[in-house]
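Protein chains: 2
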Amino acid sequence: MTERFVVIGGDAAGMSAAAQARRRRGAEALEIVAFERGSYTSYAACGVPYFVGDLVHDAEQLVARSPEEHRRLGVDVRTGHEVLSIDTATQTVTVRDLDADTETVEPYDQLVIATGATPIRPSLPGVDAAGVYGVQTLEDGMRLRAVVDDVNAHAAVIVGAGYIGIEMAEALLMRGLTVTVVSESAEPMPTLDPDMGSLVAQGMRDMDIDLHLGEPVQTLDVFDDGHVKAVVTAQGRYPADLVVLGIGSRPNSTLARDAGIAIGPTGGIETDDHQRTSAPHVFAAGDCVETRHLVTGAPVAIALGTHANKQGRVVGINATGGDAVFPGVIGTAVSKVCSYEVARTGLTEREAKSSGFDAYPTTVDATSRAQYYPETKPLKVKLVTETGSGRLLGAQIVGREGAAKRIDVLATCIWNSMTVEEIISLDLGYAPPFSPVWDPVLVAARVAANRGA
Amino acid sequence: MTERFVVIGGDAAGMSAAAQARRRRGAEALEIVAFERGSYTSYAACGVPYFVGDLVHDAEQLVARSPEEHRRLGVDVRTGHEVLSIDTATQTVTVRDLDADTETVEPYDQLVIATGATPIRPSLPGVDAAGVYGVQTLEDGMRLRAVVDDVNAHAAVIVGAGYIGIEMAEALLMRGLTVTVVSESAEPMPTLDPDMGSLVAQGMRDMDIDLHLGEPVQTLDVFDDGHVKAVVTAQGRYPADLVVLGIGSRPNSTLARDAGIAIGPTGGIETDDHQRTSAPHVFAAGDCVETRHLVTGAPVAIALGTHANKQGRVVGINATGGDAVFPGVIGTAVSKVCSYEVARTGLTEREAKSSGFDAYPTTVDATSRAQYYPETKPLKVKLVTETGSGRLLGAQIVGREGAAKRIDVLATCIWNSMTVEEIISLDLGYAPPFSPVWDPVLVAARVAANRGA
Chain A
1 MTERFVVIGG
11 DAAGMSAAAQ
21 ARRRRGAEAL
31 EIVAFERGSY
41 TSYAACGVPY
51 FVGDLVHDAE
61 QLVARSPEEH
71 RRLGVDVRTG
81 HEVLSIDTAT
91 QTVTVRDLDA
101 DTETVEPYDQ
111 LVIATGATPI
121 RPSLPGVDAA
131 GVYGVQTLED
141 GMRLRAVVDD
151 VNAHAAVIVG
161 AGYIGIEMAE
171 ALLMRGLTVT
181 VVSESAEPMP
191 TLDPDMGSLV
201 AQGMRDMDID
211 LHLGEPVQTL
221 DVFDDGHVKA
231 VVTAQGRYPA
241 DLVVLGIGSR
251 PNSTLARDAG
261 IAIGPTGGIE
271 TDDHQRTSAP
281 HVFAAGDCVE
291 TRHLVTGAPV
301 AIALGTHANK
311 QGRVVGINAT
321 GGDAVFPGVI
331 GTAVSKVCSY
341 EVARTGLTER
351 EAKSSGFDAY
361 PTTVDATSRA
371 QYYPETKPLK
381 VKLVTETGSG
391 RLLGAQIVGR
401 EGAAKRIDVL
411 ATCIWNSMTV
421 EEIISLDLGY
431 APPFSPVWDP
441 VLVAARVAAN
451 RGA
Chain B
1 MTERFVVIGG
11 DAAGMSAAAQ
21 ARRRRGAEAL
31 EIVAFERGSY
41 TSYAACGVPY
51 FVGDLVHDAE
61 QLVARSPEEH
71 RRLGVDVRTG
81 HEVLSIDTAT
91 QTVTVRDLDA
101 DTETVEPYDQ
111 LVIATGATPI
121 RPSLPGVDAA
131 GVYGVQTLED
141 GMRLRAVVDD
151 VNAHAAVIVG
161 AGYIGIEMAE
171 ALLMRGLTVT
181 VVSESAEPMP
191 TLDPDMGSLV
201 AQGMRDMDID
211 LHLGEPVQTL
221 DVFDDGHVKA
231 VVTAQGRYPA
241 DLVVLGIGSR
251 PNSTLARDAG
261 IAIGPTGGIE
271 TDDHQRTSAP
281 HVFAAGDCVE
291 TRHLVTGAPV
301 AIALGTHANK
311 QGRVVGINAT
321 GGDAVFPGVI
331 GTAVSKVCSY
341 EVARTGLTER
351 EAKSSGFDAY
361 PTTVDATSRA
371 QYYPETKPLK
381 VKLVTETGSG
391 RLLGAQIVGR
401 EGAAKRIDVL
411 ATCIWNSMTV
421 EEIISLDLGY
431 APPFSPVWDP
441 VLVAARVAAN
451 RGA
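Protein chains in written order, with my numbering: chain A, 1 to 453; chain B, 1 to 453.
Hints in this document: simulated from the structure, not taken from any laboratory.
Don't be surprised by glycine CBs; every beta carbon is placed ideally from N, CA and C.
Be careful, since some hints might not be right.
Said to hold, decoys possible - Quick list of simulated restraints, FRET-style, between CB atoms:
1) B/57 to A/250: 35 to 43 angstroms
2) A/216 to B/339: 27 to 35 angstroms
3) B/85 to A/338: 55 to 63 angstroms
4) B/23 to A/360: 14 to 22 angstroms
5) B/297 to A/254: 17 to 25 angstroms
6) A/175 to B/69: 46 to 54 angstroms
7) B/371 to A/216: 37 to 45 angstroms
8) A/23 to B/360: 37 to 45 angstroms
9) A/338 to B/339: 53 to 61 angstroms
10) A/57 to B/339: 36 to 44 angstroms
Said to hold, decoys possible - Coverage of chain A stretches by chain B, computed from C-beta distances (three or more under 8 angstroms per stretch; other residues unrestricted):
11) 45-55
12) 296-310
13) 330-338
14) 412-424
15) 428-436
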């Protein structure tokens, strides 16, 4: 008997699930239908700032696999189809064909909800004016890029100084706009501790980004023609030809909630480590779910393509009789703003303390290569270590070329509950073009171990 | 009572031990005397190729800490002093002052032997001719650089295609010489599997290095004036204005052996995980020792500055009443030859099989950044996985910019005995400028897990 696997959402998580399921089951055993509201599948949302910045010239380059390619691989992709509701009792979904304006009821044997995240749009006066853009979907990026391509756009104001905010600042700088960043946070990159975030602030100012921190936006001034005019805070008024909202996103879990599926405290769909929801035969994956933070044990919702892909793979295996787990995350993230690289993993000092850990910080200055080697760049590593046990709880790195991806070693150490004393001994690659004789992460561990001893 | 800590050898291992001991004990409690045969201390031997290649302009840049700086920090460094013998019964060393041509007997309470490694000089006809250079010490590098600076040097032949061989090939190419590399190994970088080594061979040939593999050198032709003329193998005769020997080194353990201290099967001084030798109060560290390979459990001698520094630190702690361990190594190494980057850790496929593991290889092609991101470079990752358990035993990476240091994640995985299935879930940093959505090491783990399943 042919089973039917239904996918809601045609991006990273949903299509990874579909592709993995297809690899494991032939068409005679499994029909796979994917409903996508928009017209693209499997596109790199994280690539949108680079498309706006014209580092990526063509939007199609961001599409890893088009609907046609998915169809050729045996997945029945239906773009322009919005799932309106899920009935977990009858194992059906109600779907609207947006072009034909018709509705059908579609049965499933296994279902995956991969509805993604929705950008946060603050309820500010003027936020719906023309010239105010979110950057979530590929369509958002194409709209924004068209505006930037317009020679009359000169002044951009970005609201928010997190990942999206700093990436958009870089993109718009590269396109020759003057860039103002306004954020209510005390430092950019509020997922870092303030002492590390202040390094990013310095870097941004060095690049002539007009940075206004600790300033919540009060209103957006709008011209009579309905176009945005300026971003206004208690401290200033920042004229804008265009405004980009970069203040994060929240899990898009309404469809699941309306179906009676359990939603967690973060607003994301609750799943177990097999990505199963509270409803039988219903999985969820990607930006719409919450997952476990492996250091605190607390639920977290982190919208990131790499998690979406892994969770999708796990669904594709489990929906076809396999047994795979997604154990959780430790909050690893990397980003760049022009020549500055930023990375974090595990808990910040602030997070560690608010999670009840007795923790101490260690910050060291190091270099990306041997000190005598050309193009050596300074970088700063901050570790957060549990007092007593010496267990590494978190790490942050700010520097130039060669800084950010060093976080992966520390992420792997946290993943394995290593102590800073154990980390010192790690056999990491050493040669002058790649590292000082003590790699920066080992220098940090050594200093942390000395302090803890 | 003031104790006396004697250090034999003024480079990485010995001076790390001295510096660490000094940090833990003041001058009233501990006298520290370091005997160094040459005139430099704490220099970066691994930096010598970059000095020859003029990426590093001044030899002094390679000196991390001069004798004067060590003295200011409270270490009595005596350069131009060669230790002739160790008497472990009386706890003394006999030292010759090479300038004054006098000998003294010096007592110790704790001793560390850090006599380094000796470059292998094959017993070939002509090997002692003028124009034949080793590259081990800073003095070697200065001699070779003076020759390269000479406008009459045009053709260089490098014997050996391991780390030193390929780094010297890059250095001499950068100085405008024509470079021939002759090696008896079937591929360059014999610490890689041949399938990965062949990628390095291709890269070297693309850079106009004249590469002759599988050709043991038979003799060196010499002019009547005693200067080298050509390197001769059964297959060819390669004219040379200068010849560089890059065929590795062996532990310099004679002094220890003559003192009755246990030497291991590799020829390195045996130590426990506290860097203690078989003689009481005698430690050893650096290129002169052998250590444990943590995957096979077998003794290995690996001359590498990063191990020397770590072992020296462990000696400095243990010689002053502390308790630190150097657990061993897993054979991690990185190198580059022009734009090609090479890395390895753990066991190669060949090593795994010869060590009795039932292991299978997985090789994947990936990219250093998101595929659509500018400057994305292809790279190849090979994993060696234990059949059944799925445990990662080894990894190799060959690629361009952004390839080599990814080995550190896999080294940390091997260190923690992770399986490829576990590695898939690792929360590594993702952003388009740094990685595809599946980092290359995760792609490799995923493919390996699928094969093993």
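| said: Is the coverage entry for the segment 330-338 of chain A by chain B consistent with the three-residue Cβ rule at 8 angstroms? | reply: holds (count 7)
| task | State, for the Cβ atoms of residue 297 of chain B and residue 254 of chain A, whether the hinted interval 17 to 25 angstroms holds or is violated. | result | Since residue 297 of chain B and residue 254 of chain A have Cβ atoms about 56 angstroms apart, the given range 17 to 25 angstroms is violated.
| Outcome for the supplied range 36 to 44 angstroms, where the beta carbon pair is residue 57 of chain A and residue 339 of chain B | 24 angstroms, violated
| field | Status of the given 35 to 43 angstroms range, CB of residue 250 of chain A versus CB of residue 57 of chain B | value | Violated - the Cβ-Cβ distance for residue 57 of chain B and residue 250 of chain A, about 55 angstroms, lies outside 35 to 43 angstroms.
| That 27 to 35 angstroms hint for residue 216 of chain A and residue 339 of chain B (C-beta), does it hold up? | 48 angstroms, violated
| message | Can you confirm whether chain B covers the segment 428-436 of chain A, using C-beta to C-beta distances below 8 angstroms and requiring at least three such residues? | response | holds (count 8)
| field | Outcome of range test on Cβ distance (residue 23 of chain A, residue 360 of chain B; 37 to 45 angstroms) | value | Hint violated: Cβ distance 20 angstroms, outside 37 to 45 angstroms.
| Has the hinted range 53 to 61 angstroms been met by the Cβ atoms of residue 338 of chain A and residue 339 of chain B? | With a Cβ separation near 24 angstroms, residue 338 of chain A and residue 339 of chain B fall outside 53 to 61 angstroms, so the hint is violated.
| message | Between the beta carbons of residue 175 of chain A and residue 69 of chain B, is the distance compatible with 46 to 54 angstroms? | response | Cβ of residue 175 of chain A to Cβ of residue 69 of chain B: about 49 angstroms, so the range 46 to 54 angstroms holds.
| task | Check the following: the C-beta atoms of residue 23 of chain B and residue 360 of chain A are separated by a distance inside 14 to 22 angstroms. | result | 20 angstroms, holds
| If you check the beta carbons of residue 371 of chain B and residue 216 of chain A, does the distance land in 37 to 45 angstroms? | 39 angstroms, holds
| Given as covered by chain B, does the segment 45-55 of chain A meet the bar of three residues or more with CB within less than 8 angstroms? | Holds, because 4 residues of the segment 45-55 of chain A bring their Cβ atoms closer than 8 angstroms to Cβ atoms of chain B.
Hint violations for this structure: numbers 1, 2, 5, 8, 9 and 10, all remaining hints satisfied.
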